[in-house]
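Chains as they are written, first to last, in the working numbering: chain A, 2 to 374; chain B, 592 to 944; chain C, -11 to 313.
Some hints could be false.
Not everything, but these chain B residues come out facing chain C in the computed CB check (under 7 Å) [to be verified]: (1) 663; (2) 667; (3) 671; (4) 694; (5) 695; (6) 708; (7) 709; (8) 711; (9) 724; (10) 725; (11) 727; (12) 729; (13) 757.
Please keep in mind that the hints were generated in silico from the structure rather than gathered at the bench.
The C-beta atom is built at its ideal place from N, Cα and C for all residues, glycine as well.
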Amino acid sequence: MKEDLVLPTTREAGDDAVPEPLLKVSGLVKHFPVKGGFPIRRTVGAVQAVDGLDFQVAEGESFGLVGESGCGKSTTGRLITRLLEPTAGTITYRGQDISHANRKQLAPIRSEIQMIFQDPYASLNPRQTVGKIISGPMEINGINPEGGRERRVRELLEIVGLNPEHYNRFPHEFSGGQRQRIGVARALALEPKLIVADEPVSALDVSIQAQVVNLLQKVQRELGIAFVFIAHDLAIVRHFSQRVAVMYLGKIIEVGDRDSLYTRPRHPYTHALLSAVPEVTLTAGEAQQRERIRLAGDVPSPISPPSGCRFRTRCWKAQDKCAAEEPPLLQLSGNRGGHLTACHFPEEPTVEAREEDIVLDPALAALEEDQAD
Amino acid sequence: MTTVTKAEGAPAPTGPDGFLSVRDLQVTFSTEDGPVRAVDGLSFDLHRGKTLGIVGESGSGKSVTNLTILGLHDPMFTTIDGEILLDGKELITATEKEMEKLRGNRMAMIFQDPLTALSPFYTIGRQIAEPYMKHTGASKRAAWERAVEMLAKVGIPNPKERARDYPHQFSGGMRQRAMIAMALVCDPDLLIADEPTTALDVTVQAQILDLLKDLQREFGTAIVFITHDLGVIADMADDIMVMYAGRAVERGTVDEVLRAPQHPYTWGLLNSMPRLDSDLGTPLSPIPGTPPSLLNPPTGCRFHPRCTFRDRVAGDRCVTERPLLGPDRASACHLGTEQKRTIFIEEIRPRLG
Amino acid sequence: MLQFIIRRTVGAFVTLFLIGAATFFLFVAAPSDYASLACGKDCSPQRLADIREALGLNLPLAQQFWDFMSGIVTGRDFPTGHCSAPCLGVSFYSGDMVWSTIMDRFPLTLTLTAGGAIVFLVIGVGAGMIAAYRRGTLVDKVATGASMVLSSFQIYFLGPIVLTVLVYSTGWMEDPKYVPLTQDPVGWFVGMSIPVCVMATIFTAQYTRMARSSMIEQLAEDHVRTARAKGMSRKYVFLRYAWRGSLIPIVTVLGIDVSSMLGGAVVTELTFSLQGIGRLAVDGAVNKDLPLTMGVMLFGAFFILIINILTDITYAWIDPRIRLS
């Protein structure tokens, strides 16, 4: 229905209610069925990849999602771009519910929500020229920019720092960093309002990562594009995103503005995550000023996540309540506005070294005790 | 053990030069497009019980160097010059039989991806017991017990049962622990760790890094730790060697290289990665351009096409003359010592926030 | 694992039933007029009616299908006599029971298949492995070169050459023929040696190339390098680590080859004038002998299913990831 698809382009002047967020996600759930059983194969369970997410992204804002493997951050990205259909919950883009929109209904939105992928080798068609790759989305959406598509492509190549003369080259003629720039140019081709970037720099060499991060930042600021920035590297997410959510086993366990989250975290997992990041310190001894938390084991399987608080099996503060009751995502007293934490027994809001390190890993504890003697 | 006599000019077998000594190593691969010099004139020393961190990006030659030390390169397509001394023994000229006795026994290696680096066909216990049987002559039973003991040491719960599992039944972190157990089963003097935590999650990485440090303290193993992550190297290493396009460009202790770096490439690396507490107002300062192809490397200093300080060196020395890397604390750059110090303090340090 | 085997076996029976049904409806129920084919050229209306009666073609289709399928399991009675299970019908052409005709021919096909498989597995895979182990040496070059040349040959080309040299011009050997193993083991061996070897030669060449490339691929695997880094010798690593992984593609192709050969090695049989299943299939087609064609087809399908299951079990034996998932 064409009528359904009209998106509000300007906000009414004098509309002084809280502005409608660009993207609103509530109660988002994605379960992947697990097949098995005997003698007849059937669905015996579900990978609870994403299990009840609520967050919003404002226009022009960069929202970061961090977490370890299996936390559901990539699935979330694919749900937002509607490459996947949610099992439950709603995704609202500019006031319109797109959770279960079909191909036709999504068509006009697809051009506004773009995705940048991790692997610049796999996400570009090797048989197409760069010009064709970048103009592809315009062709599919029937967009004819002023001066023609080719001119627009050359313009985009220039924006992402590539030579416009390379219009007719193929992806294999470019280095990894340059390919990621092509990916960015393709995402920009339709003048999107929201870009979901899934680990956009983690496949690149260190010296190249910064080039791409700077490019994305320039794009975000100059073109006012909102970003959902998904990465496992906490420092890069902090650098890029004004607000950051920490995910663990399909849930957001803490979310807040970056300053508050990184310097005054409350959730034990956020503490553990931050303390695990190896850092180059500028003065000797600085490393000792940070707290040291070493968890035990790996993240549990999302097929049968722990009851109650999902982090409790690796948490040093876990009590019976944590197994019985799932902690709600709340603003705790002492937290800055918008800084929400899902924990029954939150930590002190600091990342400074504790009197005693928390070492839950049995092997480490044993070796360190031996060596202390 | 037999000692192969070396050409004259070789340094004394042991002594202050270190337990592992690499001198003027050159590794050349013959490829369809022509010869590629993956390592070009590399020298370094490593002392017992210490960790040398080798930092570099893909194509810097860091992994090739270490496969060459173990003699795991493909002899059909590789030419090697220079010398590698392990406790006074020359490895390049050693026979295959001699190398087999050293590998897994006196020197061992941990690889990046523990899923592909462990055989899918055999149990974890068997894969750990195997080198122990080979090198110590232990019985099957004794070797299995040793494997279980090593699994317990690296923190595998229920090691007795888990030893009978196959690698695919382990989680990523557990697999890397098993890999460490396998490498340390014969108590080697030298452990080469090639990006051992790159494939792991950050909380698991922290566990594994600490485990390696604690085990090193217990066993007194010397470690060559290869990574692209400066944060990891800061955490692990005693000494650092920075590699670029097959050559070492800077070396020194952790403090020296990370807190008073001298080479423009090292500056570039430090400036291009954000830290958890870096200033949010300043954009990152990436190194311009891309790493060179080793088929046709730049002349003179290989970093010169990407170097922003080239114009501070008089004439075209950067293009024509290869800057040499001295022993101990050194950097291979034509900038003067004082110049390097001032540039770092006045231009680089402030940008690090 | 047991669950897996049970599931696969049940699946195989279901598939076989479906193949039987498909065959039946294609041949019997299709408007091809089964009876007039059976009747032959000079057919009188009376004779046609008799045939319809005899073949049960007057009965309702469902009844016919039931008779056909239950005949396979329990046997059935024809006016010409009893056809014991598994009854695949009576040949129009010879009037013999299809099943017993197949059983007569099967030992020859089995000999050809088993003999050939043993030869090309031992020599072909062996040569491929050695070539991979000595990659780049003269041995490798000879093995690779020879297999290149031989695999471009065809049985109908190589067969007559070998026959000319060994039989017709020199008289060193007799014309190939099949003597049952139980009757005369030596005669069986000598009689079948030329066809088996000629067929195996061409397969050997293919298996050499496949084993070599599969092995070289395995030798480049990370876990093989790890085993070397542990100090295990090249030979040990080759035999224990790389070898197992390289078996999987070989087993896959072997399964396909063997099951198709058991369904009849047509070219080999024709080249050496042997009366095997392949020849039977050709005869069935040439004589428009539908019961025979259907029988041979079902018989071949049965082997494809069995070998498929065996292949999967072999995978599980080779790779614990399959076994334990």
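Which earlier hints can't be squared with this structure? 3, 9, 11, 12
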